[in-house]
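Undergrad: Sequence:
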Amino acid sequence: MNQYDLNLILNPNLSAEQVQIEKEYIETTLKNTGAEMSNLDDVGNRRLAYAIEKDREGYYLMYTIKAGGNPEKDIASTLRLRDHVRRVLVVKDRPEWKTKKA
Numbered sequence: 000m001n002q003y004d005l006n007l008i009l010n011p012n013l014s015a016e017q018v019q020i021e022k023e024y025i026e027t028t029l030k031n032t033g034a035e036m037s038n039l040d041d042v043g044n045r046r047l048a049y050a051i052e053k054d055r056e057g058y059y060l061m062y063t064i065k066a067g068g069n070p071e072k073d074i075a076s077t078l079r080l081r082d083h084v085r086r087v088l089v090v091k092d093r094p095e096w097k098t099k100k101a
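Under numbering that gives the first Met the number 0, the letters of the sequence shown match residues 0 to 101, in that order.
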């Protein structure tokens, strides 16, 4: 199993209950595909570089997951079908990309 970063941008106009429902759906999707969630960074509303569906902000969720196979196909394609999910990005975490501070 490889480690991946799963980044999502949700609709910024969601209530706290709706955000919780989306988080639960994402976690259920991860379990159903055999992925393990190791970390969740709930950033909240942030300004976007460009408008997505006429919104200048987005609600950011950043997961660190361990998954086998092709998570772009399995996980991301399922999450893109949700109405409140605006963007999904799956990036393989590679140790050589990490910067070392002196």
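Because the hints were derived from the structure by calculation, they are not lab data. Hints may contain errors.
Claimed, not checked - Using 20 Å as the maximum straight-line C-alpha spacing, the simulated DMTMM-like pairs for lysine to aspartate or glutamate come out as follows:
#, residue 1, residue 2
1, 22, 35
2, 65, 4
3, 72, 26
Unchecked claim - Here are the computed distance ranges between Cβ atoms for each label pair:
#, residue 1, residue 2, range
4, 90, 27, 17 to 25 Å
5, 71, 39, 16 to 24 Å
6, 1, 55, 33 to 41 Å
7, 0, 47, 16 to 24 Å
Positions of the beta carbon are idealized from the N, C-alpha and C atoms, including for glycine.
Undergrad: Taking the CB of residue 0 and the CB of residue 47, does the distance hold inside 16 to 24 Å?
TA: This hint is violated: roughly 32 Å between Cβ atoms.
Undergrad: Checking one constraint from the list: CA of residue 72 to CA of residue 26, max 20 Å. Satisfied?
TA: Measuring from Cα to Cα gives roughly 16 Å; hence the hint holds.
Undergrad: Sort out whether residue 4 lies within 20 Å of residue 65, counting only the CA atoms.
TA: 9 Å, holds
Undergrad: Given the range 16 to 24 Å, decide if the beta-carbon distance of residue 71 to residue 39 lies inside it.
TA: 19 Å, holds
Undergrad: Does the alpha-carbon distance linking residue 22 and residue 35 stay inside the 20 Å limit?
TA: 14 Å, holds
Undergrad: Quick one: are residue 1 and residue 55 within 33 to 41 Å, going by C-beta?
TA: 34 Å, holds
Undergrad: Given a hint of 17 to 25 Å, does the C-beta separation of residue 90 and residue 27 actually sit inside it?
TA: Holds: the Cβ-Cβ distance is about 22 Å, inside 17 to 25 Å.
Comparing the model with each earlier hint shows a violation of hint 7 alone; every other hint is respected.
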